[in-house]
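Start from the sequences and build out the full structure, keeping to the hints where you can.
According to our numbering, the sequence shown is numbered sequentially starting from 1.
Mixed in with the good hints, there may be bad ones.
Claimed, not checked - Below 27 Å or equal to it, Euclidean Cα-Cα: the simulated DSS-like pairs (lysine-lysine) are:
id, residue 1, residue 2
1, K40, K56
2, K69, K92
3, K69, K40
4, K92, K56
5, K61, K92
6, K40, K61
What the hints assert, rightly or not - Derived DEER-like restraints, expressed as beta-carbon distance ranges:
id, residue 1, residue 2, range
7, P59, N5, 55 to 63 Å
8, K56, T10, 45 to 53 Å
9, I7, Y53, 49 to 57 Å
10, T55, T10, 49 to 57 Å
Hints in this document: simulated from the structure, not taken from any laboratory. Beta carbons are placed, not taken as given, at the ideal position from N, Cα and C, and that holds for glycine.
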Amino acid sequence: MGKRNNITQTAIFTRNGKPTGDEVSSKKGSYGESSCCCSKLLRPVVHCPTVRYHTKIRPGKGFSLAEVKSSGINGRFATIIGIAVDARRRNKLVESLQTNSQRP
1 MGKRNNITQT AIFTRNGKPT GDEVSSKKGS YGESSCCCSK LLRPVVHCPT
51 VRYHTKIRPG KGFSLAEVKS SGINGRFATI IGIAVDARRR NKLVESLQTN
101 SQRP
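Structure follows, in structure tokens:
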């Protein structure tokens, strides 16, 4: 224990076997990134909520089941081929249903 008014030492030790950072990057580089996994999911076009932002259009979380069915694709098959599906989403406007059903 130290004497008088000094800084208390913190016991920080480097653990053995902890990656320093360069091992992780070399591991990622060694594995070839497949084209199906690294490509982004297809997302719907949605309107932002509230009066201030309702004119802005942004990418949504996922297509509704009605939009996926209207495009002729099964909901589970859509997730396999890289289409984001959100089962909780509801369509309030017919126009948004039509525009998003044409996307996939």
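Indices of hints not satisfied (ascending): none
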